[in-house]
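If you read the protein sequences in the order shown, they are chains A and B. Sequential numbering of the first sequence, starting at 352, is according to this note's numbering. Sequential numbering of the second sequence, starting at 3, is according to this note's numbering.
Among the clues, some could well be false.
Unchecked claim - Derived CB-CB ranges, DEER-like:
#  : chain 1 : residue 1 : chain 2 : residue 2 : range
1  : A       : D443      : B       : D119      : 50 to 60 Å
2  : A       : Q462      : B       : D395      : 15 to 25 Å
3  : A       : R434      : B       : G411      : 23 to 33 Å
4  : A       : N369      : B       : D311      : 49 to 59 Å
5  : A       : R434      : B       : F441      : 49 to 59 Å
6  : B       : G411      : A       : N369      : 15 to 25 Å
7  : A       : V604      : B       : H467      : 39 to 49 Å
8  : A       : S540      : B       : L502      : 40 to 50 Å
9  : B       : E469      : A       : C609      : 54 to 64 Å
10 : B       : E465      : A       : G657      : 31 to 41 Å
11 : A       : P452      : B       : E469      : 52 to 62 Å
Derived by calculation from the structure, the hints in this document are not laboratory data. Each residue gets a CB set at the ideal place from its N, CA and C atoms; glycine is no exception.
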Amino acid sequence: MRLAGKTAALALLCACGNLSNEDIAFLEAIPQNQQLHVNLPQGSTSQNLCAIGLADLYANAKSTGDSLNAGVDAILGLVDAIRRVTPTSRDDDSRTWGPFPDHDHPGVQIQAVMFRELDATLTPWRWTFTISASRPPGGWLPILEGEFFRAEASSGIGRITLHFENSATLQINKATDPTFPLRVFYDRSSDPRTVSLDLTSGVNAFGLVSYDYGFAGYADGHGQLDYAFPDPKSGCTIEVTTFFNAQGAGRDVFRARCGTVILGDVNQCWDAGGCLTYVNDPFALTAACNGIAPCVLGNPASCPAGL
Amino acid sequence: MRFAKPICAAALLAAWPALAEARRFALVVGDTKGGAGTRPLRYAERDARRMHAILTRLGGVRPEDARLLTAATADDVRAALGDLAARADQAKARGDETVLLVYYSGHAKDGDLRLGDTRMPLAELRDALRNAPADVRIGLLDSCQSGAIMRGKGVRAAPAFDVQQAQAASTRPRGLVLIASSSADEESQESDEIGASFFTHYLASGLLGDADASGDGKVTLAEAYAYAYARTVGETAETRAGAQHPVYLYDLGGAGDVVLTELAPARGAMVFPPSAEGVYVVLDGSRRAVAEVAKARGDQRRLALAPGDYLVKKREGDSLLVGSFNLGDTPVEVADGRLSRRPLSDDPQKGASGPRWSVLSAGGGQFFFDSAARNGLFPPAVLAGAELGVRDDLGHDLAWAVDLALGGGAATLTLPGITNPIPERFFELTGGASLWRDFAVGESWTVSVGARVAFLYLARTFENHPELPSQNFFTLTPGLTTAVSWRFAERWSAVARGRLNYLFYNVDKAQNLGYAELAVGVDYALGW
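Using the sequences provided together with the hints, build the complete structure.
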C-alpha cells in the first residue's frame with residue numbers, strides 16, 4: 352500500500368501540461384479579429400474615365416472600414432494575447448490568467464478572468480470576460496470587458512467595451528489612444544451578421560470621428576455600412592449610409608452635419624468599377640456637381656437593384 | 003571426469019526386443035503441481051515432453067500408441083493406462099511382442115503420486131504395471147521418494163542392472179522393471195542450470211545416445227539406467243540436498259535386455275569424434291539443455307537429436323568452448339576445433355548464463371476506456387516502438403526492459419454548442435520500464451506477466467483553427483503488462499503484448515483514467 356501510495360503521489364506530481372478540452376471551449380467563445388471585421392467588396396479595377404465622376408464616397412467607405420478593422424484589432428489584440436497563455440487557475444466554470452506583471456509598464460499587474468454559465472443541457476450560453484489591470488497599491492480596474500452569448504463566437508452575439516479611461520488612469524495608454532470607453536457590438540447569429548463600433552462617448556479614435564458606426568454583411572455578399580467622416584473643405588461631418596452588392600456596385604445616402612445644421616439627403620449610385628452612375632445632390636456637395644445646385648446627373652434606373 | 007561410468011554387463015548382451023519387432027506403448031505424465039503441502043515443480047512438464055518426444059522419435063512408439071498427459075488427474079492417468087493396456091492386449095492377441103512404458107515426472111509423497119489435488123497410490127501404479135498384459139512393463143518415476151514404489155524384495159540402489167545373458171530366442175525377457183529417480187527417503191532434485199530434473203535430464207541424454215556404451219547404435223534399458231544413475235549421483239553429490247540415488251526393481255524373466263532407443267534411424271545426428279573429451283552440453287534455441295555428452299578420449303559418441311539449431315558448450319579450465327550447429331539430415335561432427343573460446347561470463351546456458359538481451363520491435367494501438375477522455379483528449383492512437391529486454395538478470399525467468407514508442411493520429415474534438423467538431427492532430431511519445439516473469443508453455447510458447455511504469459507525453463495541434471494554441475500533457479502511468487510469445491526461429495519470436503495502464507489526469511478536473519495498449523511485434527535475441 353505504501354508503494355502504491357508513493358506511485359500515486361509521483362503520478363500526481365508528474366501530471367502536468369495544458370491539455371484541456373474545457374480551455375478550448377473557453378477560447379472558442381471569444382471572438383476573433385476577422386470575425387468582427389468590416390468586409391467591403393473591392394469592386395473591379397478603377398476606371399480612369401468615368402462619365403460622371405468617381406464614387407469617392409465609396410472609396411471613403413472602404414478606408415473607413417479599414418480604420419474600423421484597425422480599431423477591432425486593437426481591441427481584440429488584448430484578448431488574443433490571452434490565447435497564447437495557459438490559464439493560471441481553472442474552476443469548473445471559470446478560467447483565470449494571471450496576475451502577470453506588465454512588462455511594458457513596470458509596476459503594473461494584469462489579469463484576465465472568464466466565467467461561463469451553462470443551460471440545462473450543460474451547453475454554455477453566456478460568458479463574461481474581464482481584463483483588469485492594477486498599479487499596486489491601487490485596486491484592479493477593468494481594461495476590457497466582454498459579454499458573449501452562445502458557445503462559439505463564430506455564431507454568437509456579444510459586446511466588448513474597451514475602457515480607455517481606465518488605461519489612462521493607470522497610465523498604460525498610448526498617446527494616440529482615446530480617453531473614453533469604446534464599445535463593439537456584434538451579432539453573428541443570423542443573416543446579416545452585424546458589427547458596430549460605438550464612438551459616441553467621445554471624439555476621434557483610430558482616425559474616426561465620433562459616431563455609431565455599423566456594418567451589416569449578408570451571406571450573399573451585399574451589405575450596409577453606416578459611417579461618418581470630416582469634410583475639411585466645408586468643415587462639416589459627412590454621415591453616410593452605404594448599400595453595396597457583392598460586386599461592389601452600390602448606392603448611398605448622406606447628409607452633411609455642419610454644427611447644428613443638417614444638409615441632406617444626397618443620393619448617389621455607382622457601378623462595380625467605382626464610377627458614379629447617378630447623382631441627386633440638392634446642395635452640390637458632390638464634386639461632380641461642380642458647385643451647381645441643385646444637381647442631378649445620370650439616370651436613377653442605373654442604380655443597382657435590390658439595395 | 004566427475005564420474006566413473008559403471009561397466010555395464012548389458013553392453014555385451016544381445017538386446018531384446020528390437021524396436022522393429024515389438025509393439026510399444028508409452029504413457030508419459032508430467033505434472034508440476036502436487037496439491038496442498040507441495041511447491042510447484044518447474045520442469046516436470048518439460049521433462050515429460052522431452053521423454054515423449056524421445057520415445058516417439060527414437061523409441062519405436064507410434065504416435066497413436068503414446069499418451070502425453072500434463073496437468074492431469076489420477077483418473078486421467080488410470081484411464082490412459084487402461085486404454086494402453088487394452089491396446090497392448092489386442093496387439094498381443096495378434097501375436098505381437100509388446101512393451102508398455104510408463105514415465106512419470108511430478109510430485110510423490112507419503113506413498114502416493116500427487117497429481118494436482120488428486121492422488122494415485124504408488125502401489126496402485128505398481129500393481130497396474132505388474133498386471134498389465136504387455137510382455138515387458140517398464141515404470142520410470144522421476145519424483146521425490148519415488149523409490150517407495152518398490153516394496154519388497156529385489157529393490158536395488160545399484161549403478162547397473164544384473165542382466166542375464168541371452169541364451170536363446172526363447173528366453174526373451176518378460177516381466178516388470180521399475181526405475182525410480184530416488185530412494186524411498188530421498189528428494190528428487192531439479193536444476194535451474196539444466197532446466198530439468200537431474201534424473202530425467204541424464205536419462206534423456208542417455209537415450210539420445212550418450213548411454214550407448216556398446217556403440218551399437220542402440221540404447222538399452224540397462225545402459226540408460228547405468229548412465230542416468232552415474233550422472234545423477236555424480237551431479238547431485240555437491241548439491242545442498244545431497245546425492246540422489248536412483249533405484250530399480252528388475253523382475254524380468256528370461257534373458258537379454260530391452261532396447262529403449264535406436265539411434266541409427268534418426269535423421270541427422272551430432273557426432274563427437276574420438277578426439278573429443280570432456281562434458282559437452284547441448285542447448286536448444288532457447289538455451290536450455292537438451293542433452294549432455296560425457297566422454298573419454300578414444301571412443302566416438304553419437305547424439306540422435308532432432309533437426310534444428312543447437313549450441314554446444316564445454317567448460318575447459320576458466321573458459322568455455324562454444325559453437326553453433328545446424329542439424330539436418332546428415333551427421334554433424336562436433337570437435338573442439340569447431341568451438342570458439344569464450345569467457346565463463348558468456349555462458350549461454352539459460353539460468354546459469356546471466357542476463358540475456360533481446361530487442362522487441364512492435365506496433366499497435368492505444369485505447370482509453372473512458373469515452374469522454376477519448377473525445378479529443380486521449381483519442382485512440384497508433385504506436386510503434388522498440389523494447390530492450392534483459393532476461394534472467396534479476397532471477398530465473400524474471401525479466402526487465404525499457405521501451406520507447408512514438409505514435410499519434412488525427413481526431414476530432416466535439417464540444418457542447420460548437421457546431422462543427424474541431425479537427426486535431428496529436429503526437430504521442432511514451433516510454434517505460436517493465437519487470438515481468440516468463441512462464442514457459444511447451445518448448446516454443448511463453449506467457450509473460452508483469453508490471454510497468456511509463457511516462458506519457460502527448461501534444462495536439464488544431465491545424466484548421468490557428469486561433470487555438472497547441473496543448474500538451476505529461477505524466478507517469480503505472481500499469482500491468484502481459485505478453486504471449488512464440489519462438490519461430492532460433493533467435494526470433496513473434497510477440498503479442500497487452501498492457502493495462504492507469505493515468506491520472508488533472509488539468510480540467512481530477513480524473514482516474516485507464517487505457518489499454520495492444521501490440522504485436524518481433525523479438526530478436528541478441529548474442530548467446
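**Prompt:** Can you give the numbers of the hints that this structure goes against, from lowest to highest?
**Reply:** 2, 9 and 11
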